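> Chains as they are written, first to last, in the numbering used here: chain A, 1 to 362; chain B, 1 to 326.
FYI, nobody ran anything at the bench for these hints, they're computed from the structure.
For clarity, every value in this text was computed on a predicted model and none was experimentally measured.
There could be a bad hint or two in this list.
[Claimed, not checked] Derived CB-CB ranges, DEER-like:
1) B:Glu308 - A:Gly240: 47 to 55 Å
2) B:Ala220 - A:Gln247: 27 to 35 Å
3) B:Asn121 - A:Phe37: 47 to 55 Å
4) B:Lys78 - A:Phe178: 16 to 24 Å
5) A:Arg105 - B:Lys130: 50 to 58 Å
6) B:Lys130 - A:Thr104: 50 to 58 Å
7) B:Lys78 - A:Ser198: 48 to 56 Å
8) A:Arg188 - B:Asp275: 38 to 46 Å
9) A:Val333 - B:Lys82: 54 to 62 Å
10) B:His154 - A:Met317: 55 to 63 Å
11) B:Glu278 - A:Gln247: 18 to 26 Å
[Said to hold, decoys possible] Here are the simulated DSS-like cross-link-like pairs (lysine-lysine), alpha carbons at most 27 Å apart as the crow flies:
12) B:Lys273 - B:Lys307
13) B:Lys65 - A:Lys181
14) B:Lys65 - A:Lys267
Don't be surprised by glycine CBs; every beta carbon is placed ideally from N, CA and C.
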Amino acid sequence: MESSEGSFKKGLRKLRKHRLAVFSFWVLLVLYLSALFAPVISPYHYETEKRAFSYAPPSRIRIIDSEGNLSRPFIYKRNFQFDQFYRRIYQEDKSEKFPIRFFTRGDRYHFLNLFETDFHLFGVDEPAYLNLFGTDARGRDLFSRVIYGSQISLSIGLVGVFIAMLIGSFVGGISGYFGGKTDSFLMRFAEIIMVIPSLYLLLSLRSIFAYNLTSLQMYFVIVVIMSFIGWPGIARIVRGMAISLQQREYVLAARSLGCGHLQIIRKHIIPHTFSYLIVSASISIPGYILGESALSLLGLGIQDPYASWGNLLSDAMAIAHIRLHPWILIPGVFIFITVMAFNLFGDGLRDAFDPRSEFIKK
Amino acid sequence: MENILQVRNLHTYFYLENSVVKAVEGVSFDLGKGEVLGLVGESGCGKSVTAYSLIKLIDKPGRIKKGEVIFKGKDLLKINEKFLPKIRGKDISIIFQEPHAALSPVYTVGYQIEETIRAHNRNMGGKQLKEKVLELLVKVEIKDPYAKIKSYPHNLSGGEAQRVMIAQSLSCQPQIVIADEPTTALDVTIQAKVIGLFKKLKEEENFSLIFITHDLALCAQLADRIAVMYAGQIVEIASLDKIIKEPLHPYTKALFLSLPKKGKEKTKLQAIKGDVPEADKKPKGCFFYPRCNLGKNSCRENRPELKEIEPGHWVRCLVCGIEGRR
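Start from the sequences, fold in the hints, and give me the full structure.
Listed below in C-alpha cells is the structure:
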C-alpha cells in the first residue's frame, strides 16, 4: 500500500493500457468540459421557449440543397400544420436556407458568474430554430437543456461522493481505530441506514425538507440526502482497513512520539485508505447521478425551468409522449453513457491502483 | 547517581478469552540520569511489554494491572490519559525494532520528523522546522541529508531508516530514550555503526537510555548496568562489570555459558535445557525452576523476591546469593 511516486507512475502506466478506461476517461472529460462551457456550447438559453415549436423533432442538417448543389451545412425553417387529431406536423420550408453559423451571437448569459456575453459556439439566424435533439412541450431546445442539465447531473455526483467520503472515512476511521463500544455504536447506526431500501429512504428524507426551495437550496438538499445515504458503505470498508492499519507499528510509533488519537486517524489511517477511496468514488458516482435523476424524475428534485437529466426525463413518463416524440428520451442516453463511462473508468482505476488487485492476478 | 525513572512492581497482563497472559509480573528498576540500562532476555520474556508499559502504550486486551512508573515525581500510570501525549516523544521516546514498519510509507522522512517536532512545539515556523530536521539528520550521520529529507521510507536502506527513527525520537531532546531492539533488523556491520552512533549521541545529548536486546554481547558494548529478564520478571540486575565477572543467578550464568568465548572456540556451547514457560502456564514457585541446575525442593513451591545481595546487585533466587558465589 505504498503511495509513492513510483507506484503511482506504475498505476498510471497500467491505466493507460486499459483501453476502455482510457476511452471512458475521454468521454467523461468531454462531458464535464461541456458542462463547464454549457452556455457557450448550447445554442440557446435553457429558458428560451418558442411555443410555435412545441415537440418539434430534431432538425435535419443538410449539406445538399434543393437544387442538388453541395453547400455548407444548413437547415430549413419549419412550419407546422395540425392533422386530424390536432397533432402538429412539422414541414420544412425549402424556400430559404439557414446556414449553421459558428462563433455566432445569440441569447445573453453570465459565464461562470464572471462576465456577461452572448457568444455561442454555433447557431442559426432567426427565424429558423436549430434543434439537434428536438424540442420539449414548451418548444425549448432539448440539446441546450441537456447540456445545461449536465451541469447539475454531473456535479451532483462529484459533490455528493466527496461529502459521503468525508463523513464515511471519518466515521470509519474513528470506528476502526477506537474499536469496542464506539465501533459497535457507529457501525450499528451505519447498518440501520444501510438496511432501509435507498429509494424509500431518499423519498422520506426528501419529505423532511420543504418543497418550495430555490434551485440552489434544492441542489444542496439533494446532495446532503444522497451523501447521507452513501456514507455508511464507505464507513464500513474504511473501518475494516482502519482496524488493520491501527495495528501497524507506525501507528504505535506515532503514539509513542506523542501524536493524539485524532491526529493519528487523520494522518496515519485515512491517507492509507485513499487508494481504495478514489477507486470506490469513481464507481459510486453513477449511483448519485441516478439518485438525482430518480428524485427529479419524481418531481422532488430539480424543478422546471432548471434542467437536470432527471427532470428532463420526467417528460418521458407518459408512454404516448415516447411514441410520438421519441427524442425526449435522449437525456436518458446521456445518463446511460455517463454511468457506463464512470463504471468502466472505475474498473480501470481499480485494476491499476488497488493494491489488492495485484494479489488476485497472482 | 540521581534517579530519573523509578519503576516499581510493574504488572502488565493480557486478558485473552480463555486465559490471562501475565507478560510482566513485578518488574522494578531504577534508571539513573545519563545511564544506559541494558534490558536483556529471551524472546517473549516481556522486555518490550515492559518498555511500552512505561509510557502506557498498552492496548486492549492488555492492561497494566498494578505498579508505579515514577518520572519527575509523578506516577505516569496514574496521571490523566490526556497528558500522556505530551510526555511521549518529548520526555520519553521509543525507538522501534523494525524501522521500515515504524515509519509511515505515505509521508516523506522529513515530514515525519517534522510531525513529531510540531506535536510538541506548536509555534515553530516552517523554515525553523526544516532547519531543525536537517540538523537532526546530520546528527545521526545520515548520508546526503538534503536528499533524504524528501525521500520516502522505502527509498532508504535499513540502516538509514533506523537512523531516521533515531533522529525522530531525539527530535524533542527527550530525557529518556527506550530503544526496543534497535539493531535486530540490521546486519552486523550496520549494528556496530548504530551502536557507535548511540554512544556518540549519548555523549552529546546526555539522555538516559533503556536498551532492550536479546544480544548480551551487544548490550555489553553500551550498557552501564544490565537487567536480565526471565518470564516477565527481572532475575538479576547489576553493573556491567559485576554481571560479566560475577553473575549470580543460574539463568544469567547459563546465558553467559551459552556465548562463544575467545580461546575456547573448540568447546561445545552449553544450551539451557528446556523452554521458556508459556506466559499463561508459569510454574507455581520460581519461574526458572524447571530449567535450573541449582534448584531445590523449596524452589518449586516458593517464589523468590528480588534481593539486594550486595550494594547495587539484585538477584531473584532462593538458592544462590551468598552460597551461589562459591
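> Could you run down the list of hints and mark each one as holding or not?
Hint-by-hint comparison with the structure:
no. : hint                            : result
1   : B:Glu308 - A:Gly240: 47 to 55 Å : holds, 52 Å
2   : B:Ala220 - A:Gln247: 27 to 35 Å : holds, 34 Å
3   : B:Asn121 - A:Phe37: 47 to 55 Å  : holds, 49 Å
4   : B:Lys78 - A:Phe178: 16 to 24 Å  : holds, 22 Å
5   : A:Arg105 - B:Lys130: 50 to 58 Å : holds, 55 Å
6   : B:Lys130 - A:Thr104: 50 to 58 Å : holds, 56 Å
7   : B:Lys78 - A:Ser198: 48 to 56 Å  : holds, 50 Å
8   : A:Arg188 - B:Asp275: 38 to 46 Å : holds, 44 Å
9   : A:Val333 - B:Lys82: 54 to 62 Å  : holds, 58 Å
10  : B:His154 - A:Met317: 55 to 63 Å : holds, 57 Å
11  : B:Glu278 - A:Gln247: 18 to 26 Å : holds, 23 Å
12  : B:Lys273 - B:Lys307             : holds, 26 Å
13  : B:Lys65 - A:Lys181              : holds, 22 Å
14  : B:Lys65 - A:Lys267              : violated, 31 Å
The structure shown violates just one earlier hint, number 14.
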